[in-house]
Amino acid sequence: MKAGTSKKRAPPPQQPPAANPPKYHAISQEDEFLDEDVFLDETLVSEDQDALILRDLEERQALATRLSKWLRPPLSDSFVSQSRSVVFQQLEIDYVIGESHRELLPNSSGAAAIIRIFGVTMEGHSVCCHVHGFEPYFYASCPPGMGPDDISHFHKILEDRMREVNRNSKVPKFLRRIEMVQKRSIMYYQQQDSHPFLKVVVALPTMVASCRGILERGIQIDGLGMKGFMTYESNVLFALRFMIDCNIVGGNWIEISAGKYKKTTKNLSYCQLEFDCIYSDLISHTPDGEFSKMAPFRILSFDIECAGRKGHFPEPNHDPVIQVANLVTLQGENQPFIRNVMTLKSCSPIVGVDVISFDSERDVLLAWRDFIREVDPDIIIGYNICKFDMPYLIERAQTLGIAEFPILGRIRNSRVRVKDTTFSSRQYGTRESKEVTIEGRVQFDLLQVMQRNYKLSSYSLNSVSAHFLSEQKEDVHHSIISDLQNGNAETRRRLAVYCLKDAYLPQRLLDKLMFIYNYVEMARVTGVPISFLLSRGQSIKVLSQLLRKAKQKNLVIPYTKQAGSEQGTYEGATVLEARAGFYEKPIATLDFASLYPSIMMAYNLCYCTLVTPEDLRKLNLPPEYLNRTPSGETFVKPDLQKGILPEILEELLAARKRAKADLKEAKDPLVRAVLDGRQLALKISANSVYGFTGATVGQLPCLEISSSVTSYGRQMIEHTKKLVEDKFTTLGGYEHSAEVIYGDTDSVMVQFGVPTVEAAMNLGREAAEYISGTFIKPIKLEFEKVYFPYLLISKKRYAGLYWTNPDKFDKMDTKGIETVRRDNCLLVKNLVNECLHKILIDRDIPGAVQYVKNTISDLLKNRMDLSLLVITKGLTKTGDDYEVKAAHVELAERMRKRDAATAPNVGDRVPYVIVKAARGAKAYERSEDPIYVLENNIPIDPQYYLENQISKPLLRIFEPILKNASKELLHGSHTMSVTISTPSTGGIVKFAKKQLTCIGCKALLSNTDRTLCSHCRGREAELYCKTVTNVAELEMLFGRLWTQCQECQGSLHQDVLCTSRDCPIFYRRKKAQKDMAEAKLQLDRWNF
Amino acid sequence: MGAMEIDSQKSFERKQCTYNLLDETFEIQNETYKGQQYSQIYFARLHMMRTLLYSLVPNWKPHLPVCTVLGLEKGKECIIVGTLYKHMKLKPSILDEYSKERSVSPLVKPHNFMNSDDHLVLEDESGRVKLGGCVLSPSIYVTGIVVALHGKETDAGDFSVLDILEADLPPQIEKSLTSREDKYVVLLSGLNVGSSTSNPLLFQLLVDHITGHLGDEKEQGVAAKIVHVVIAGNSIEIPRGLLNGQNLASKDQSRLSEPIKELDILLTQIAAGLPLDIMPGPNDPANFALPQQPLNRCLFPGSSVYNTFRSCTNPHCFELDNIRFLGTSGQNIDDLEKYSEAKDKLDFMERTLKWRHMAPTTPNTLGCYPFTDRDPFLIESCPHVYFVGNQDQYDSRLLSGSEGQEVRLIRIPKFSETGIAVVFA
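Protein chains in written order, with UniProt numbering: chain A, 1 to 1088; chain B, 1 to 425.
Do not rely on the hints blindly, as some may be mistaken.
[Stated by the list, open to error] Quick look at which bits of chain A chain B covers, simulated, 3 or more residues with Cβ under 8 Å:
| hint | stretch |
| --- | --- |
| 1 | 340-350 |
| 2 | 1039-1050 |
[As the list claims (entries may be wrong)] Derived DMTMM-like pairs: lysine to aspartate or glutamate, alpha-carbon spacing no greater than 20 Å straight-line:
| hint | chain 1 | residue 1 | chain 2 | residue 2 |
| --- | --- | --- | --- | --- |
| 3 | A | 721 | A | 668 |
| 4 | B | 91 | A | 1047 |
| 5 | A | 838 | A | 1047 |
| 6 | B | 130 | A | 370 |
| 7 | B | 74 | A | 276 |
| 8 | B | 130 | A | 354 |
| 9 | A | 260 | A | 288 |
| 10 | A | 585 | A | 784 |
| 11 | A | 69 | B | 73 |
| 12 | B | 89 | A | 471 |
| 13 | B | 89 | A | 149 |
| 14 | B | 76 | A | 766 |
| 15 | A | 1080 | B | 27 |
| 16 | A | 69 | B | 155 |
| 17 | B | 91 | A | 471 |
| 18 | A | 501 | B | 158 |
| 19 | A | 777 | A | 766 |
| 20 | A | 69 | A | 370 |
[What the hints assert, rightly or not] What follows is a list of derived Cβ distance ranges for each label pair:
| hint | chain 1 | residue 1 | chain 2 | residue 2 | range |
| --- | --- | --- | --- | --- | --- |
| 21 | A | 1036 | B | 139 | 51 to 57 Å |
| 22 | B | 204 | A | 1036 | 31 to 37 Å |
| 23 | A | 847 | B | 204 | 43 to 49 Å |
| 24 | A | 847 | B | 139 | 38 to 44 Å |
| 25 | A | 671 | B | 139 | 35 to 41 Å |
| 26 | B | 139 | A | 948 | 37 to 43 Å |
| 27 | B | 27 | A | 847 | 44 to 50 Å |
| 28 | B | 54 | A | 401 | 49 to 55 Å |
| 29 | A | 851 | B | 341 | 34 to 40 Å |
| 30 | B | 54 | A | 293 | 35 to 41 Å |
| 31 | B | 393 | A | 843 | 41 to 47 Å |
| 32 | A | 291 | B | 341 | 25 to 31 Å |
Rather than coming from a laboratory, the hints here were simulated on the basis of the structure.
Backbone N, C-alpha and C fix where the C-beta goes; we use that ideal spot for every residue, glycine too.
Pulled out of the complex, with its shape left as it was, chain A reads as follows (with noise of 0.2 Å):
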């Protein structure tokens, strides 16, 4: 198993000739849309290099044989004599610049941009598609007296300009041609059909922005004068452009007949098939039926492990790569049908893995390399790789010099380049982050998914399968890694056996969330690439269906300009007062089914249907045409002009309505996984319309439409409240009188006054009922479920029972209520949980006041456990760039000065608990580590944990319950017994001599007696059963603790290495053993 290391390497392979760093190419920069898909020479490994690298791959036969098992099927016959078409599902779409095909576009010459389209058959043969022919364009305005024989003209001026601005530029030409043609702009309602504009085609993508600009600014035009030009549609991605003229949507079937396409003459890419046609053959399927399924992608998983030193997090110009993971799966199995490690230096066999080890690091950098190439991978996952784990690699790769390491992507010798980017969006915030593009390979990375879809207290790769795979991941510091890897052959075994788990579990998740499935269908859904839905925000997504949608009905959208983010804002959504209480009566929430498109589509609210002021005027049209919002605007009726926006909507609703039926139908598993993504990829769309339409910064604001929504939405909100409460009443003949005691975004909470469950039901139904016979459609008002009992704190902070059949309730709904706030220690987790859980489902709230009041005796009299106390931080910058000073930010440069081999460094996360100090201490002084409390017995300062973590919650809880809540709870008789524990390093305690006390009464021992004082001799029996039970009782812990420990590694026969902070056992098991060391000195005192 150890084949890499007996081989010596012959001579070391000569230092490449100083290769040409990797340049990032600069396009204008006023654009944020820039199109970064261009691959330029530069980073192309030149042909006697190849050569080198060649040679190097003879070295390493013997790694080849055993990555050739890995190689994708061999190709058919029929594939090789190109007698059959091509089928595949693509999975990326970039351009390059090169030479126009001679075969394929005889009557063109030149650079042009090529499409590339990565994917896979239904065979698993990997494909590299290169698409000719396809030309980027804009449109912009026809200035008015500009006719079809100006354009001549028109077109030397601005190629002219086009040479000024670009002088450096080789390119022969720069237009190819430009057309009149009849379209009309979205923006606004207007009676005419269409209007000439003008089609500008330009030589490559790049030229589009800066034609764009030439254009804005204005040019020189004879007979016309200076004229500035408002572009349409010129800021849309060359290969977005592409898929939307050849309808093509992300992740769908691709198919070119037999004879159509050409085989490369000189194959540039490490794909089976690689081709090249021209952009009219493709034919793009539906991604229905047949054409809806997976192919079988590639997946792999990876995760690497670097040797950090001391104090310090791994960094790429000083530690070494040392182990590599990797994992690779065929999508649709449940199993990956590879598992490997890399290691550097020997390493022990690992059942059903492949320990490929070797001597040096640039070995094990060129095996992955090689690794990579051979399996080729369509989709590359991981944990926080595109951050931490590809840069690092090619950083690594870099620092060694390793000019040949970075071929990872398809095409043949390019290199891949890390560069850093800041991505910035309304909804997920600004994240910085490194990109490193792999071509031809989609990298998903899972903690980008994470955070993107779900909001989590702390997204580690611990946590997140904590929580999603139910299962505690072992942890192992960094700085414990050093020191396994400077073992043994056993403990890199140990090491691998970490690193391959943390490769698994990425792909665990995948599974289990199904992203694949997910992700795939909101491609297919928006129409974007894959790629995009990581890289890019919300807008791009509606962006690409108006474009298309816009396509199809003759329209251009304007390119805006971007506007400042504090253009204007306006008034959200409405949120009824809420009537804090505890309601013991069953509450009736009746919420509107999708209620921002319902009013998008139920007003016809759409940029090509509103209407200025100035055209109102002008227009003169009847007012049974017109729309008038509460927000004061006004959009013509469907009669006179269908807006898009709501018939993109109706297709998305429809589509899902779809894709629900066929679900019900479905059996096979995995087209019901399909199916249920689709249909939430469609409520996803239909939901973030609205957001594109009020995204100030966004690509076609239109504040006009989101505020009527929002103005809609607020009056329906209340509409409904005046129905319900004057329909459902005494006076109408029903029992009791209803009460609207909280509505939201969307939703309305009523009490019906009715006692049970399920008439509250038969009255929210026929509620929704009526009240949705009001509405114009497709709003309707909907009743889903019932609250019983209810705690509403205030306006978004509430928890109930959930019933939705009244039998049984489903669950306890919580909303806003902070029980995951990861700055929040445990205790409050489990006291607030605790006390909901007796106050909803027992219906018990004097016990929940007790269980209030027990806990908080016990926190004052020091009986708590610590790791309930333990709150832990991120420490994202170090101790001097934080301008406010924190405990979290403290305590590390404290522990640093202790030793720094152990502080906790940037990006780790620092759990500290808060102690005891001197009168008028900071909080920020006061934080302490909690190994180090457990240790020195230093006393935790209850009064913080009581005022700072629980009794906001508690407080928020019980007020609507209880009268005076905050004196029951916080200061009765419960607080006035405090128990302190004595420290044993620091103050006072530097000066005390130790001396042995009666384990009885604490009084001093003589010299003569041991363990009790005349006076407690009497009582010896009672006492020791009392030392002995309590070592009982910390032996059973210390069992079960390390026990449990042992179970979640996953092996009997080694140590327990885990340091995971995050686990609830780590400080329990932690103090189990240290009390039980004392506890044992305790009794061992009793043998005289």
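Fit chain B to the supplied structure of chain A, relying on the hints for placement.
Using the frame of chain A, we list chain B on its own:
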């Protein structure tokens, strides 16, 4: 007091026998908790058992190669030796108790944690492999047993087991069958002095019986043949609710010490007459983890004065006239009952002997001290009498081994509930 002072016409001479205490392995002398973990005890166990099993393999299936888990090749038949690990869905996990939010359904505490999904895994230092095949029934085995398996790796990566080799009964020292008169040993357990179920009168009667204060001459003659008394655990029941770390009121102090005094008085009566071994049990004021250390002498100010009184460890091993006794207070068998199943509880006992391990579930589900260099629960020499205390009923069986070993298996019932003491010839 004592047999000699019995006020009757005929006095009986109490029989004597040689006693040899073999508890050293169960004693924890200067060992402390210094951060050692449980891996070492498994390692020691695997090491000892493997040496043993390897020596048996040539007689078992000489033609087959012996592999490690790692050296398995698909489809190749071989023998692997390793520690079993049983994956159990229902096994209670302390992690769940801590981290799971309170579920709506109440927690049911099943008596037995078996589930049809349970499966076994074999582990050695090199790795783990999932076991398949129908030969090996997961319901019999538990975590911690070391066995040799014959089988092959399937395509799915499982190890399909074709045959199993257990260590079987250990060799037995020759029982010196020199003809001699009957001698009796009394085995007792579950006195539970101080609990609601214990009847002081019953116990007093027993004590009187043992000491020869009761019955006619014949019975006294029998009593005189009792040479040894063993109390296998759970002698005292103390109100544990009182021991929560707080100082006790004097009323509670006496509630606590009263049963202990009571026991001491009764034990003093026995110890005055004949040798007495007392073992700690799960409810006694002793430590929790196996091996439980002897009950402290300070609990028995009266009886501990006699040199016939011996406070022992649990498990307890001793020889009487070269007959070897081995027994526990019951935790090992009770734990097996929770995690495996058998028709007859004696089967559990038989299995532990065949596995050569008294308590295989330590430390996994049964607490034990984290030994670093040895596993004290391995049975190296076959006892003649193997007993467990605190069982629900009396049961006994003679087990014969392939090499002529004969073991008497005894389940001692709880005295406080059944009023039965076992008298063994």
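Broken hints, by number: Violated hints (numbers, rising): 3, 5, 6, 7, 9, 13, 14, 21, 26, 30, 32; every other hint is consistent with the structure.
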